[in-house]
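All chains, please: the whole structure from these sequences, using the hints.
Our numbering applies: residue 20 is where the sequence shown begins, and numbers increase by one.
It is worth saying that the hints were derived from the structure and are not from the lab.
One or more of the hints may lead you astray.
Think about it this way: if two alpha-carbon atoms lie no more than 20 Å apart in a straight line, the pair counts; the simulated EDC-like pairs of lysine to aspartate or glutamate are [to be verified]:
hint, residue 1, residue 2
1, Lys74, Glu30
2, Lys74, Asp33
3, Lys106, Glu190
4, Lys74, Asp61
5, Lys106, Asp116
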Amino acid sequence: MSDAYRIRLAEVADIPALAALKLAAFRETFIEDFAIPYPPADLALFETESYGEAKVAAELADATHRTWVAQAEDGALVAYVHVGPSKLPHPDVGPEDVELYQLYLLRACQGAGLGRRLMGVALGWMEAHRPGPIWLGVWSGNDRARAVYARFGFRQVGTYDFAVGNHRDHEFILRR
20 MSDAYRIRLA
30 EVADIPALAA
40 LKLAAFRETF
50 IEDFAIPYPP
60 ADLALFETES
70 YGEAKVAAEL
80 ADATHRTWVA
90 QAEDGALVAY
100 VHVGPSKLPH
110 PDVGPEDVEL
120 YQLYLLRACQ
130 GAGLGRRLMG
140 VALGWMEAHR
150 PGPIWLGVWS
160 GNDRARAVYA
170 RFGFRQVGTY
180 DFAVGNHRDH
190 EFILRR
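Here is the structure:
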């Protein structure tokens, strides 16, 4: 049940656990569930650059970013949402626009409303603190995520290629 999880802003003390959560959620989603055959060197580079402790520390130190985590009763981090200034390659993205970078739950926590709670927290903050539209990029093959985002009012407005090392994933750009 999602009420068993406490949602809070991530803290510096969370860096090791948050980096591990980000990596585990990425692997569950893209390696295990979608079985994307990333070349090993590309995957290793991407995982280090995107989910290493140094990257997570930099994100938490950046005042323009926010990361919320869902913490289980035993203290384990099981889900997170990360937002910040939009960096999507779309001509309508403005300097004050915000982007939902990542919303991930470990597989064991999916389907109980926790993702909806995290999305509500992130959208509430973005709407209160940033003018303009809210953007996100989603892998074109992730139909489940696209359906969730549509329920929150996001619509596809473009495409781009997302780099995983030298590999490129075809992504949809969504805006709300």
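For each hint, the structure was consulted:
1. A C-alpha spacing of about 14 Å is found between Lys74 and Glu30, which places the hinted pair at or below 20 Å, so the restraint holds.
2. Between Lys74 and Asp33, the direct Cα distance comes to roughly 13 Å. Compliance with the 20 Å bound is thereby established for this hinted pair.
3. As the CA atoms of Lys106 and Glu190 are separated by approximately 14 Å, the hinted pair is consistent with the 20 Å bound.
4. Restraint check for Lys74 and Asp61: the C-alpha separation of about 17 Å stays at or below 20 Å, so the hint holds.
5. Between the alpha carbons of Lys106 and Asp116 the distance comes to roughly 9 Å, so the proposed pair stays at or under 20 Å and holds.
Against the hints set out earlier in the document, no violation occurs for any number.
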